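**Student:** Note that the protein sequences, when read in sequence, are chains A and B.
Counted the way the numbering used here counts, the first sequence spans residues 59 to 380.
Counted the way the numbering used here counts, the second sequence spans residues 36 to 344.
Everything labelled a hint here was simulated from the structure, so no lab data went into it.
Do not rely on the hints blindly, as some may be mistaken.
As the list claims (entries may be wrong) - Between beta-carbon pairs, the in silico distance windows are:
(1) B:G230 x A:R256: 19 to 29 Å
(2) B:A260 x A:E81: 40 to 50 Å
(3) A:I207 x B:G150: 56 to 66 Å
(4) B:D201 x A:T278: 20 to 30 Å
(5) B:T309 x A:W177: 40 to 50 Å
(6) B:D311 x A:T107: 56 to 66 Å
(7) B:D311 x A:R256: 29 to 39 Å
(8) A:R185 x B:G150: 25 to 35 Å
(9) B:A260 x A:D320: 51 to 61 Å
(10) A:L362 x B:R313: 50 to 60 Å
(11) B:D201 x A:R185: 33 to 43 Å
(12) A:T335 x B:D226: 54 to 64 Å
(13) B:A260 x A:I207: 55 to 65 Å
(14) A:L101 x B:Q290: 57 to 67 Å
Unchecked claim - When the alpha-carbon atoms are kept at most 25 Å apart in a straight line, the in silico BS3-like pairs for lysine-lysine are as follows:
(15) B:K221 x B:K179
(16) A:K275 x B:K163
(17) B:K179 x A:K275
(18) B:K209 x A:K275
This one's a predicted model, so the numbers in the text were calculated from it and none came from an experiment.
In this text, a Cβ means the ideal position worked out from N, Cα and C, and glycines have one as well.
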Amino acid sequence: MEARDTIGAFGSVDEARPATILEAPSPRYGEKLIKWVLAACALLSVLTTTAIVVSLLVPTFDFFTRDGVGLGEFLFGTGWAPTFQPASFGVLPILVGTLSTSLWGMLFAVPIGLAAAVWLSEYASPRQRKVVKPVLEVLAGIPTVAIGIFGLVFLSPLIEDVFPFMVNVPPFSAGVAGLAIGLMIVPIIASLSDDAMRSVPGGLREAAYGLGSTRMKVSTRVVFPAAISGIIASLVLAGSRAVGETMVVLLVAGASPNLTFDPGSSVLTMTAFIGQTATGDISTGSITYDTIFAVGSLLFVITLALNLFAIRMVRKYREVYE
Amino acid sequence: MGNSPTEQPGRTGRPNEDGQLHSEKPNDDRSPAQGISVIREPARNDDDAWTKDTVFEVKGVTVCYSGKPAVKNVTMDIFRNEVTALIGPSGCGKSTLLRCLNRMNDLISSASVDGEILYRGQDLYGTKVDPVQVRKLVGMVFQKPNPFPKSIYDNIAFGPRVIGMDNVEERVEKALRRAALWDEVKDRLDDNAYGMSGGQQQRLCIARTLAVEPEVILMDEPCSALDPISTGRIEDLMAELKEDFSIVIVTHNMQQAARVSDRTAFLIVELDATEDSRWGQLVEYDETGRIFTNPRDSRTEDYVTGKVG
Chain A
59 MEARDTIGAF GSVDEARPAT ILEAPSPRYG EKLIKWVLAA CALLSVLTTT
109 AIVVSLLVPT FDFFTRDGVG LGEFLFGTGW APTFQPASFG VLPILVGTLS
159 TSLWGMLFAV PIGLAAAVWL SEYASPRQRK VVKPVLEVLA GIPTVAIGIF
209 GLVFLSPLIE DVFPFMVNVP PFSAGVAGLA IGLMIVPIIA SLSDDAMRSV
259 PGGLREAAYG LGSTRMKVST RVVFPAAISG IIASLVLAGS RAVGETMVVL
309 LVAGASPNLT FDPGSSVLTM TAFIGQTATG DISTGSITYD TIFAVGSLLF
359 VITLALNLFA IRMVRKYREV YE
Chain B
36 MGNSPTEQPG RTGRPNEDGQ LHSEKPNDDR SPAQGISVIR EPARNDDDAW
86 TKDTVFEVKG VTVCYSGKPA VKNVTMDIFR NEVTALIGPS GCGKSTLLRC
136 LNRMNDLISS ASVDGEILYR GQDLYGTKVD PVQVRKLVGM VFQKPNPFPK
186 SIYDNIAFGP RVIGMDNVEE RVEKALRRAA LWDEVKDRLD DNAYGMSGGQ
236 QQRLCIARTL AVEPEVILMD EPCSALDPIS TGRIEDLMAE LKEDFSIVIV
286 THNMQQAARV SDRTAFLIVE LDATEDSRWG QLVEYDETGR IFTNPRDSRT
336 EDYVTGKVG
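Could you put together the complete structure from these sequences and hints?
**Tutor:** So this is what it looks like as C-alpha cells:
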C-alpha cells in the first residue's frame, strides 16, 4: 500500500506540472506578411525590367512595320538622318560612334584600371590602400555630366594642344569623349578587380612566394588568373557603362553621325542620339519617336550580347578554388 | 605549470635551474640560460651528432608583430639531412619561428625579426639578401593543402617556370616520383589539382616544392588537415626526403614529432607578471629520443607526457 501511495504521489506531482505547449502562441501574421512584402519587392524589379523591354519592343515593331523601314536598311545602311528630308535610317554611323567612343574609353581604362587593381591588391601597404581605395570609389560616384564638362572645357583643349590630330573639329572628338569615359570607368575596373583579387585565398599567394616567386609573378601567374571571373565581370560592367554612357558623349563627342573609328572625328553615338532627340516636343507615334525605340532596342541587344559573351568567357577561363 | 623541481624525482645529475627560472621574473629570459645553453652543452657522449653540418644557426631571435613579441630569444642550430621538429602548445610561436627561416614573415608588414639567423654561415637577414632567392633554397609546405587552381602538371611546373629552369617536363616527373605521387597521377596530369584527395593534394604541394630543388623544406603542420593514412604516407615521405634535404617541421602532434624527427625543439607560452602579454619561448632542444624519454626540463616532461597542454 505504501508503495502504491508513493506512485500516486508522484502521479499527482506530474499532473500539477503545467502542460507543455507545442502550438505557436500567436498566428504570427507579421511573419507571413513580411514574406509577401519581400517577395513583392523582388518581383517589382523583375516586373520593371519586363515592362521596359516590352515598351522598347512595341514602338520598335511599329518602326519596322508601320513606318516601313526595312531591317536590312536599318542595320546596314550607312547614312543616319532620321529627322531630315529625305530621311535615312542606316544605324551604322551611330553604332560605330558608340563602338568608337567605348573602344577608346576601354583602351584607356582597361590597362590602367587593371594595373591599379594589381597595385591595390598586391603591392600597396594597408595604409596606402586605406587612402587610395576610398578616393577611387568617390571618383566612381562623380556625376557623368561633371565628367562631360571636364572633358569639354579641360581635356579637349589640352589634347588639342598636345595631339592636334585627336581633335579635328574643336572641341568635339570621339577620342576625347572616349578618354573622359575611360576616366569614368577606371575606378570601376580598379575597385571591382581589386575586390576580386583580394578574395583569392592567401594560401595561394604563400604557396607561390614559397616557391621563390617575385611579387610580379605571384600577381600575374597566380592571383590574376584565380580572380579572372571577377575581373571579367568588372570589365563587362565597365564596358556596359561605356556603351550606355550618354552625358559625356552628348557633350564631348559632337553630334555628327560620321561612320568612322577615327578618334579625332566628331561622332554621334546611339545614346547621344536618343538623348538629343527624346525631348518634350517629339510627338508620340511619329517616325522619329519610333526611331528612338529602335535604337534603344539595338542598344539593349548589344549590352545583352556583351553580358552573355562575358558569362561564356568567365566559364571558359575560370579557375575554381576552394 | 609551476612544477618545482622537487616534484620530479629520479632525475639525478641534472641542473634544475630551468624549472626555477620559469617561476622567476620574465626579464630573465633575456639571459643566455634556458634551453639555449642546452644545445651547446658538451656533457654528451654522442659528440659526432653535434659536429654535423648546420643549415641554420638561430641566434637570439625575437619576432614581433606590431611591436608585440610572438617568440622571444630563440637560439638553436638546425642540422643538415635531419628532420627537426618544433613542438609546443598553440601560440608558442613555432610557426612564426619557422616562417623566419625562409623570410616568409617579410610578407607581413607588421612583423619584425631581431637577432641573427645564419643560413649555411650567411646572415639570412643581411642587407644584400634577396628573400625571393632565399625562398628558392628554403621551400615551404603549408598547413592546409594549397594547390593552385590549375592542372596537376601546371602546379608542379609552376616553380621551375617562374624561376626559369630548363627541362620542365623532366623536373615535373622527377618531383612527382620523389613525392611518391607519380603512379597515382601520371595518367591525369592535365586534370585540375582540386580533383585530388586532401592527402594527394598535400603530397602534390610537397612535390611542387621539390620541383624547384630547394636545400631545405619547411613544413608548417603539414598533416593537420589529413586523415591518419595520408599522414602516414607523408611521414614515410619525410623519412625518404631527409636523405637529400633538410626538413624543419612544425607539428601539434607529439607522436608525429617522435616518429619523424631526429631533433625536437619544445616551445612554451610565457606570460609576463601582469599576464597582459604573452610570447613563445624555447624551453628545450635536443635529440628527439631524449626529449621524449628523458627531457632535462620539467615543463618538457609535463608536455610530452600529457600532463599539460
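**Student:** State for each hint whether it applies.
**Tutor:** A quick look at each hint next to the structure:
no.	hint	verdict
1	B:G230 x A:R256: 19 to 29 Å	holds, 26 Å
2	B:A260 x A:E81: 40 to 50 Å	holds, 46 Å
3	A:I207 x B:G150: 56 to 66 Å	holds, 60 Å
4	B:D201 x A:T278: 20 to 30 Å	holds, 21 Å
5	B:T309 x A:W177: 40 to 50 Å	holds, 43 Å
6	B:D311 x A:T107: 56 to 66 Å	holds, 58 Å
7	B:D311 x A:R256: 29 to 39 Å	holds, 33 Å
8	A:R185 x B:G150: 25 to 35 Å	holds, 27 Å
9	B:A260 x A:D320: 51 to 61 Å	holds, 59 Å
10	A:L362 x B:R313: 50 to 60 Å	holds, 59 Å
11	B:D201 x A:R185: 33 to 43 Å	holds, 42 Å
12	A:T335 x B:D226: 54 to 64 Å	holds, 56 Å
13	B:A260 x A:I207: 55 to 65 Å	holds, 57 Å
14	A:L101 x B:Q290: 57 to 67 Å	holds, 60 Å
15	B:K221 x B:K179	holds, 24 Å
16	A:K275 x B:K163	holds, 21 Å
17	B:K179 x A:K275	holds, 22 Å
18	B:K209 x A:K275	holds, 24 Å
When each numbered hint is compared with the structure, no violation occurs for any of them.
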